[in-house]
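*Asks:* These are the residues of each chain, in order.
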Amino acid sequence: MSAPIIWIVIPFISGLLTLLLLRERVSPLIAGVVASALSLIALIFPIDTALLLGSISIKISPSIQFFGRSFTLTTADGSLLAIIYGLAALWFFGTEASGTANRFVSLGLMIVALLTASIAVEPFLFAALLLEIAAMLVIPLLVPMYQKPGRGVVRFLIYQTLAMPFVLFSGWMLAGVEASPGDINTTVQAGTMLGLGFAFLLGVFPLYNWIPMLTEEAPPYVAGFLLWALPTFTVIFGLGFLDRYVWLRTSPQLSSAIQFAGVFMVVSGGIFASLQKHIGRMMGYAAIAETGLLVLAMGLQSSQVINVTFLILIPRGLELSVWALALSVIRRKAYSLRFSDVQGLARSHPMAVAAITLSHLSMTGFPLLAGFSSRLALGQELAGQSLIISFWVFIGMLGLLVAAARTLAVFVMAGENKLWELNESWMQMTMLGLGMIGLFILGMFPQVLQPLIVNLPALFDHLGQ
Amino acid sequence: MIIEIVSWIAVALILITSTVMLINRDWRVSLGALALQYAAAFWLVTRHLPFVMGSAKLITGWMVVAALGMTRLSLSAVEDDKEESSLLHGAWFRVILMCIVALVTFGATTRIDTVIPGLGLPVIAGSILLIGAGVAHLGVTSDLLRVILGLLTILTGFETLYSAVESSILVAGFLSVISLGLGLVGSYLLLAGSTPPEAESEL
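Protein chains in written order, with my numbering: chain X, 11 to 475; chain A, 54 to 256.
These are calculated hints, taken from the structure and not from any lab test.
Check each hint, because a few of them may be wrong.
To be verified - SDA-like mimics (lysine to any residue), calculated; alpha carbons at most 20 Å apart, straight line:
| no. | chain 1 | residue 1 | chain 2 | residue 2 |
| --- | --- | --- | --- | --- |
| 1 | X | Lys158 | A | Leu244 |
| 2 | X | Lys343 | X | Trp436 |
| 3 | X | Lys287 | X | Lys428 |
| 4 | X | Lys158 | A | Leu197 |
| 5 | X | Lys158 | A | Ser247 |
| 6 | X | Lys158 | A | Arg125 |
| 7 | X | Lys158 | A | Leu243 |
| 8 | X | Lys69 | X | Leu50 |
| 9 | X | Lys158 | A | Ser127 |
| 10 | X | Lys69 | X | Leu27 |
| 11 | X | Lys287 | X | Gln353 |
| 12 | X | Lys287 | X | Leu408 |
| 13 | X | Lys158 | A | Asn77 |
| 14 | X | Lys158 | A | Leu126 |
| 15 | X | Lys158 | A | Ala88 |
| 16 | X | Lys287 | X | Tyr345 |
| 17 | X | Lys428 | X | Arg357 |
| 18 | X | Lys158 | A | Thr124 |
| 19 | X | Lys287 | X | Ser350 |
| 20 | X | Lys343 | X | Met423 |
| 21 | X | Lys158 | A | Gly246 |
| 22 | X | Lys158 | A | Leu68 |
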């Protein structure tokens with residue numbers, strides 16, 4: 011069997027079958043098991059290497075041909091697949107606790123399969139098409155059938171659709187730049203188009219206005235999944251560009267542009283988060299700030315670029331899933347996530363409030379939590395390049411910290427006579443508890459990620475070498 | 054020579070249909086114009102792609118029009134009234150907007166032809182017109198159907214241009230899937246909110 015069939019076709023068909031055949035209560039479990047199994051297979055069985063199990067020899071071939079183009083997953087992709095499907099399993103297992111509709115897991119599996127296809131397709135440029143298809147599959151999740159679509163979802167659709175032509179056409183132009191590197195005009199045009207494409211895809215300042223709108227109007231769990239899945243694969247796609255084209259990697263102008271974009275996202279995300287009165291929007295701005303950190307990591311002129319980027323990406327999946335799950339639990343009780351509606355909920359929903367606070371603090375890079383080690387590594391690299399950028403990143407993180415303090419203050423503002431009680435279900439408490447333990451484990455023992463991260467630089471031929 | 058003339062007729066058709074879509078507020082006329090626009094784009098696409106691949110794009114486009122049309126037809130008459138009330142509001146502004154798009158196209162076509170030779174002037178002019186009209190459309194509306202029409206117009210323009218530089222079947226297939234997906238997503242969003250929560254849980 012070939013790797014693309016295992017990690018693209020099987021999850022896609024599983025998602026489709028889950029959507030069509032399975033009942034509401036079973037499907038999250040099945041989808042979670044499928045994703046976990048795919049993650050374990052990626053960890054245990056190296057791609058394109060023969061393994062002897064008793065008398066049976068097993069070898070997963072790396073590629074398949076599809077309409078004249080190849081989809082290839084190499085040995086180096088193993089760790090990445092394990093991370094992706096592991097985090098996806100986390101999201102799917104939490105579906106039942108979040109009370110999200112059945113189709114989340116089925117469409118979620120299909121989306122993850124399509125996004126995996128985006129890292130496998132050759133030439134890698136065509137990933138833009140798969141990212142767009144995945145973005146369109148998210149729409150039915152974001153807008154329940156009984157709810158009028160808000161402005162956020164429409165803007166999301168517009169921005170993702172506009173991104174694809176820019177990226178595809180810039181890729182075509184970049185090939186021309188490679189052929190004649192002295193042509194400054196073409197180089198500038200290709201660079202601008204590429205920059206615009208990724209600005210739309212990642213929601214770079216000021217094109218991220220759909221994110222807080224979406225986290226306000228859409229189910230928090232789905233919005234969180236979207237904010238995890240799409241930027242993760244877009245960053246990998248972006249790293250592919252930097253790896254493939256030498257002049258992009260070595261251009262000081264582009265490096266500065268990436269750093270400015272990242273700093274703007276971190277600072278604006280942090281400051282706007284501190285001014286919000288809606289905890290859903292706050293999650294949106296925190297995600298923007300963290301995407302800014304990813305952009306900054308991509309712009310590092312260092313051999314650590316891959317390690318730092320993935321050190322941010324992995325805890326992001328856990329932080330967002332715990333945060334979004336806790337928001338879903340609270341939304342079922344409070345209906346709205348405005349400060350006025352969630353005031354004093356710490357006494358009635360202590361687990362959910364603790365989960366929101368911890369994941370928020372983790373995103374600020376609070377010590378002992380999952381985000382700390384990645385911020386430390388990024389800060390160390392940035393400080394070596396520019397103290398001014400480091401200062402602004404600190405300001406952005408401070409904004410997030412203020413937002414966390416404000417949220418906590420609102421949650422604990424309960425009447426004196428209100429008693430402490432646990433209103434979360436056992437399933438919600440288990441999932442939130444496990445998530446919070448995970449945040450502490452990744453914070454206190456970040457070396458547990460080392461086996462997963464150590465092989466990731468091999469994904470790229472030049473970056474991080 | 055005849056082919057060149059037909060190609061320029063296709064460009065003129067694109068200009069007319071884009072302007073009609075931008076100015077006219079009746080969804081039936083707009084969808085009819087979109088269907089004609091796909092036919093014109095089909096001709097330009099087949100300048101560089103085989104007839105079969107061009108036909109696939111045309112059929113996909115018409116399927117999108119049919120999906121959007123059927124969805125819109127099933128919506129209440131209140132929506133029609135809302136559209137009619139805004140009829141002719143800013144019509145001249147939209148005409149001027151299309152004139153600007155046409156002027157930009159006129160100026161950019163020869164320059165692009167110099168940078169990327171071999172595409173053909175009608176193909177470049179047609180695609181720039183479509184992209185410009187789509188962007189103009191997105192800029193002046195927040196109505197969901199019109200947003201989808203704008204996005205489809207941009208996508209058609211891009212497909213026309215990109216088909217001249219990339220003839221991969223996989224890309225053509227994916228672009229068709231995206232067009233169809235955009236139509237279906239548009240239909241879904243148009244229908245969303247018109248179904249009570251009870252019916253949703255049964256789906």
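*Asks:* Provide an ascending list of the numbers of those earlier hints which the structure does not satisfy.
*Replies:* Per hint list: 3, 10, 13, 15 and 22 violated.
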